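Asks: If you read the sequences in order, they're chains W and P.
Just so we're aligned: 49 in our numbering is position 49 of the first sequence, and the numbers increase by one with no gaps anywhere.
Just so we're aligned: 57 in our numbering is position 57 of the second sequence, and the numbers increase by one with no gaps anywhere.
Hints in this document: simulated from the structure, not taken from any laboratory.
Mixed in with the good hints there might be a few duds.
[Said to hold, decoys possible] Label pairs and their in silico Cβ distance ranges:
id	chain 1	residue 1	chain 2	residue 2	range
1	P	G44	W	E104	30 to 38 Å
2	W	E116	P	P16	53 to 61 Å
3	P	A127	W	D199	21 to 29 Å
4	W	A99	P	G44	57 to 65 Å
5	W	E116	P	D117	37 to 45 Å
6	P	G75	W	D199	22 to 30 Å
7	W	A151	P	G44	37 to 45 Å
8	W	A73	P	E18	50 to 58 Å
9	P	G31	W	D101	18 to 26 Å
10	P	G132	W	A99	16 to 24 Å
[What the hints assert, rightly or not] Calculated lysine to aspartate or glutamate pairs in the EDC-like style (CA-CA distance at most 20 Å, straight line):
id	chain 1	residue 1	chain 2	residue 2
11	W	K195	W	D148
12	W	K195	W	E179
13	W	K131	W	D120
14	W	K131	W	E179
15	W	K191	P	E66
16	W	K195	W	E175
17	W	K131	W	D148
18	W	K131	W	E141
19	W	K195	W	E141
20	W	K195	P	E66
21	W	K195	W	D157
22	W	K195	P	E56
23	W	K131	W	D157
24	W	K131	W	D101
25	W	K195	W	D170
26	W	K131	P	E51
27	W	K131	W	D84
28	W	K195	P	E18
29	W	K191	P	D45
30	W	K195	P	E22
31	W	K195	P	E51
32	W	K195	P	E23
33	W	K131	W	E116
34	P	K135	P	D117
35	W	K191	W	D144
36	W	K191	P	D117
37	W	K131	W	D113
38	W	K191	W	E116
39	W	K195	P	D117
40	W	K131	W	D79
Keep in mind that this is a model prediction, so the values were computed, not measured.
All C-beta atoms, glycine included, are put in the ideal place defined by N, C-alpha and C.
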Amino acid sequence: MRAYDNAYSRIVSWLKVLLPLLALAILSTLFLVARTIDPAQDIPFSDIDIDELMNEPRIGGPTFSGMTEGGAAFSLSADRAVPDPQNTGRLSGSDVRAAIDLPEGIRVDVVSDTAEIDNDARTAGMTGDVKIESSNGLTLESGDLTIDFDALRLWTDSAVTLTAPDMTLDAGHAELVSEGDGSGPYVLVFKGGVKLLYDPKQ
Amino acid sequence: QATVRLGVENHDSAQPVEITSEELSLNQQGGTATFTGGVIVGQGDVVMTCERMVVEYGSGDEGGNEIRVIRMFGGVTFAGPTEAAEAEEAVYTLSEDTIVLTGNVLVTQGATALSSDRLTYNLASGAGQMEGRVKTILNPGNN
Numbered sequence: 001m002r003a004y005d006n007a008y009s010r011i012v013s014w015l016k017v018l019l020p021l022l023a024l025a026i027l028s029t030l031f032l033v034a035r036t037i038d039p040a041q042d043i044p045f046s047d048i049d050i051d052e053l054m055n056e057p058r059i060g061g062p063t064f065s066g067m068t069e070g071g072a073a074f075s076l077s078a079d080r081a082v083p084d085p086q087n088t089g090r091l092s093g094s095d096v097r098a099a100i101d102l103p104e105g106i107r108v109d110v111v112s113d114t115a116e117i118d119n120d121a122r123t124a125g126m127t128g129d130v131k132i133e134s135s136n137g138l139t140l141e142s143g144d145l146t147i148d149f150d151a152l153r154l155w156t157d158s159a160v161t162l163t164a165p166d167m168t169l170d171a172g173h174a175e176l177v178s179e180g181d182g183s184g185p186y187v188l189v190f191k192g193g194v195k196l197l198y199d200p201k202q
Numbered sequence: 001q002a003t004v005r006l007g008v009e010n011h012d013s014a015q016p017v018e019i020t021s022e023e024l025s026l027n028q029q030g031g032t033a034t035f036t037g038g039v040i041v042g043q044g045d046v047v048m049t050c051e052r053m054v055v056e057y058g059s060g061d062e063g064g065n066e067i068r069v070i071r072m073f074g075g076v077t078f079a080g081p082t083e084a085a086e087a088e089e090a091v092y093t094l095s096e097d098t099i100v101l102t103g104n105v106l107v108t109q110g111a112t113a114l115s116s117d118r119l120t121y122n123l124a125s126g127a128g129q130m131e132g133r134v135k136t137i138l139n140p141g142n143n
């Protein structure tokens, strides 16, 4: 390196040597600090689902719909349904939703945790905080509900609570049945002791 | 013709109504609710009981259900804070605040009792109008 008389040139000549060395040092550490990649953890999957899938046949999101003699269209769907091994006509479903359009234009929506659907008898036994909402503003809650799709009769065996815009009602059990042969007006009958509170100012 | 006071002045028929019975059948289309079996209706300090009661309701102005007429059949009793009345049938129209009791009506006020065919009772004014073969039964009782 030629000797320079002024400081500036000396500094620059030193930098010309030091800076490349620094660059080389940084470059070499690049490969030492790399992320460790563990091939096994790349694809997240759960083995529980596979075991369950393997040992029980089931249907995802089944829907079951039809029309009763009285002319009411109904549909029933569940998130998951497992057919009953002994009797193929029976299924037990979870997170079940049923929708029934009564002939007089009222739509009844039912939601429940579980349901035993019997294809041959065309009934559905729903259990696990059943919630029934009708399009004219009535909401019923009960522990269970049985729907007979043929005769289009719905009844609960456990206590039922009905809430409407300004009325609440508690009863032993309830039954939705059509007077006459199925096309008559639908009457909601509460039995086993009825207590109703009607508050117009609510 | 006799007037009777049932001691229920300015009864507010918009108070909450509490009804208990054995059974209830709700006909949404017809807008009627029929209570059967030991029906007890409480509103404020007025209590009425009967065997069968038909409540006619319609859609109220703000959309909720509004009770319009209550008809009661079979051993109707009406108890205000101080007096009581009995009859075979009763019709309570909320909009006019009136109860019409018919069928050998018997009103008991303390020691005296009045019977007639019909009692029209206005809950707002607290005045009752008895018509048809009015008989007063004074009970000398203790003197």
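Asks: Name the hints, by number, that the structure is in violation of.
Replies: Going through the list in order, the structure violates hints 2, 4, 5, 8, 10, 11, 12, 13, 14, 15, 26, 27, 29, 36, 38 and 39 and respects the others.
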